[in-house]
Amino acid sequence: NAGVTQTPKFRILKIGQSMTLQCTQDMNHNYMYWYRQDPGMGLKLIYYSVGAGITDKGEVPNGYNVSRSTTEDFPLRLELAAPSQTSVYFCASSPNPGGEATEAFFGQGTRLTVV
Amino acid sequence: RKEVEQDPGPFNVPEGATVAFNCTYSNSASQSFFWYRQDCRKEPKLLMSVYSSGNEDGRFTAQLNRASQYISLLIRDSKLSDSATYLCVVRGGGYNKLIFGAGTRLAVHP
Numbered sequence: 013n014a015g016v017t018q019t020p021k022f023r024i025l026k027i028g029q030s031m032t033l034q035c036t037q038d039m040n041h042n043y044m045y046w047y048r049q050d051p052g053m054g055l056k057l058i059y060y061s062v063g064a065g066i067t068d069k070g071e072v073p074n075g076y077n078v079s080r081s082t083t084e085d086f087p088l089r090l091e092l093a094a095p096s097q098t099s100v101y102f103c104a105s106s107p108n109p110g111g112e113a114t115e116a117f118f119g120q121g122t123r124l125t126v127v
Numbered sequence: 342r343k344e345v346e347q348d349p350g351p352f353n354v355p356e357g358a359t360v361a362f363n364c365t366y367s368n369s370a371s372q373s374f375f376w377y378r379q380d381c382r383k384e385p386k387l388l389m390s391v392y393s394s395g396n397e398d399g400r401f402t403a404q405l406n407r408a409s410q411y412i413s414l415l416i417r418d419s420k421l422s423d424s425a426t427y428l429c430v431v432r433g434g435g436y437n438k439l440i441f442g443a444g445t446r447l448a449v450h451p
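Going down the list, the protein sequences come from chains A and B. Per my numbering, the first sequence starts with residue 13, numbered consecutively. Per my numbering, the second sequence starts with residue 342, numbered consecutively.
Read the hints as simulated data drawn from the structure, not as lab findings. Quantities reported herein were computed from a predicted structural model and do not represent experimental measurements. Don't take each hint at face value.
With a cut-off of at most 27 Å between alpha-carbon atoms, the simulated BS3-like pairs for lysine-lysine come out as follows [unchecked claim]:
#, chain 1, residue 1, chain 2, residue 2
1, B, Lys386, B, Lys343
2, A, Lys69, B, Lys438
3, A, Lys26, B, Lys343
4, A, Lys56, A, Lys21
5, B, Lys343, A, Lys69
6, A, Lys21, A, Lys69
7, B, Lys420, B, Lys383
8, B, Lys383, A, Lys21
9, B, Lys420, A, Lys69
10, A, Lys56, B, Lys438
11, B, Lys386, A, Lys69
12, B, Lys343, A, Lys56
13, B, Lys420, B, Lys343
14, B, Lys420, A, Lys21
15, B, Lys383, A, Lys69
16, A, Lys21, B, Lys343
17, A, Lys21, B, Lys386
18, A, Lys69, A, Lys56
19, B, Lys386, B, Lys438
Taking CB as the label site, the calculated pair distances span [as the list claims (entries may be wrong)]:
#, chain 1, residue 1, chain 2, residue 2, range
20, A, Ile27, B, Tyr436, 31 to 39 Å
21, B, Glu397, A, Glu91, 41 to 49 Å
22, B, Arg407, A, Ala14, 14 to 22 Å
23, A, Asp85, B, Lys420, 36 to 44 Å
24, B, Ala358, A, Ser81, 47 to 55 Å
25, A, Gly65, B, Asn353, 30 to 38 Å
26, A, Gly63, B, Lys420, 39 to 47 Å
27, A, Pro95, B, Ser409, 36 to 44 Å
28, A, Asn40, B, Asn368, 22 to 30 Å
29, B, Ser394, A, Ile24, 43 to 51 Å
30, A, Gly15, B, Ser409, 32 to 40 Å
Far from chain A, by Cβ distances over 12 Å, these chain B residues were calculated [stated by the list, open to error]:
#, residue
31, Phe352
32, Val354
33, Glu356
34, Asn363
35, Ser390
36, Ser394
37, Gln404
38, Ala408
39, Ser409
40, Leu415
Even glycine gets a Cβ: it sits at the ideal position worked out from N, Cα and C.
I would like the entire structure built from these sequences, with the hints used as guidance.
See the structure below:
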């Protein structure tokens, strides 16, 4: 019953450092998403993918990169970390649209602080 | 205009009250609709899907009005444990991706 697994759960980065947030799912979902959530605010879509090899920008893609080489994995790369990237990052996956159950399943989140 | 809009609240209600949340969406071609619940510092979790005919799950009732592009969630007999943020979610736009509203905060007090 793994579902969506994110690592790490917590991380502190220094300004200018880089890191990759890992996300993997075992439900064979084609759709995967990365969101960020600032304190007291809603979820903002960073990037999403509709299948291996296909990614697209969301609402707030600047400062991030993604890749989708397999169905299971959707890593999010932060280059040159900035304090504005301090946030909680959620990864999610969902089945293709059109079926009976098309909701998203979330990982537990990665709490990132950039100092 | 945002793709999915919700009143941010907070809604402060006593235990036992009935409370209703509304949500509007901009893309008339949207296919699927959901309400999620998010507790503080936790991941969102599905509360219920929303169907055209309306649907009920215990104390929760969801309604969809496609003509007005409007979704609602009604919570009856509120419990302290209902205190959370409720997120309206629409599947639509390019690639039929999931689009989240900013959420409505509910605080139920004794």
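Margin query: Hints numbered earlier in the text: which of these fail when held up against the supplied structure?
Written below: Structure breaks hints 3, 9, 13, 14, 16, 22, 25, 35.
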